[in-house]
Each structure stands twice: as C-alpha cells, then as structure tokens.
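Could you put the whole structure together from the sequences, leaning on the hints where they help?
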Amino acid sequence: MLSPSLGRMHAELIATRMMQTCAVLNFQAQRIEYYDSLGGVDSTTISSLLQWVEDEYTDKYKQPLPERFQVRARHSAGFTRLVQWIATADDGTCMQTKNWTQLLNPPGTPRQLNGHDCGVFAMMCCNYVSADRDFDYSQDEIHSFFRKMCCLECFCMKLRSIDI
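Using our numbering, you'd call the opening residue of the sequence shown number 3 and step up by one each time.
Think of the hints as simulated: they come from the structure by calculation, not from any bench.
The beta carbon of each residue, even a glycine, is placed where N, CA and C say it ideally should be.
Label-pair restraints from in silico Cβ distances:
no. : residue 1 : residue 2 : range
1   : 145       : 110       : 19 to 29 Å
2   : 30        : 58        : 15 to 25 Å
3   : 15        : 56        : 16 to 26 Å
4   : 150       : 17        : 17 to 27 Å
5   : 50        : 156       : 25 to 35 Å
6   : 117       : 63        : 35 to 45 Å
What follows is the structure in structure tokens.
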C-alpha cells in the first residue's frame with residue numbers, strides 16, 4: 003500500500019450516513035485530494051483517511067509509525083501540509099510525505115444541484131480521476147450515468163468500469 007511503486011494514485015469512495023464523496027491518495031503529485039459534489043469538507047473523513055495510512059504502515063511493517071514521523075496537519079488557505087512522515091518500501095526506497103498537501107474540492111469539481119445524487123457523483127469522480135480525465139459532466143448527465151451503471155451492474159452481476 004505504501005510503496006511508491008504503486009504509481010499514481012489510490013481512489014476511495016467515502017460513504018457516511020448522509021453523503022458520499024471521493025478521496026484520492028495521489029502518490030505522484032504527493033497530495034491527498036478530496037472531492038465533494040456539494041462543495042463541503044468533512045474533516046472527520048480526512049482524519050480517518052490519514053489514520054488509515056498510519057494503520058496500513060503498522061500492518062505492513064508490524065510496528066507503529068515512529069512518533070517523529072507521524073502524520074501532523076497544519077491548515078492554511080484550503081490546503082493542509084503533512085509534515086515529517088516517511089514510509090520505506092520493500093525495495094528499500096523511501097516515500098517522503100513531509101511535503102504532501104491536501105487539495106479540497108479543486109476548481110472544476112462537478113457540483114450536484116439536489117440532495118440525492120451524491121453517490122453517482124462520487125462514483126463518476128473516482129472513475130474520472132483514476133482515468134486521469136478532466137471533469138466534463140454536470141448534473142444534467144447524472145441520471146444517464148446512473149442508468150448506465152445500473153444496466154451494466156445487472157448485466158454483468160458485478161461492478162464494472164463505465165466507458166463514458
């Protein structure tokens with residue numbers, strides 16, 4: 003999980019009781035990205051994601067992340083800089099995240115205009131971000147995306163990537 007050889011990113015669909023969002027660990031850009039189609043920021047989700055990173059380190063290396071390298075956050079102008087955290091990959095290389103930033107709802111993130119399409123927006127966001135595509139959809143296309151996803155899931159009987 004923590005190896006730099008993972009490549010560009012790891013995208014997560016985050017589901018809370020009231021909202022679904024997309025969070026991305028972007029290893030190449032050295033940042034954590036958070037996309038919410040309503041434009042909100044859930045600090046609990048971000049904290050949980052950071053805790054998950056620490057837990058993955060503990061699981062992989064069978065020891066807790068050394069205290070001097072634990073994730074710390076400093077807020078400034080919509081970004082959070084992570085300081086002093088280093089994970090060593092199996093091949094001996096280091097991935098330093100002391101300069102990682104947190105990008106919250108970057109410009110161009112599609113916005114939903116109702117209170118019930120967040121799941122489709124989050125799934126489409128994960129799909130687009132993982133394919134390294136610019137967002138080119140809006141609320142108008144969401145119902146079409148939802149129908150395509152439902153048909154594909156029913157036909158294949160499992161989750162599939164949608165070719166938009």
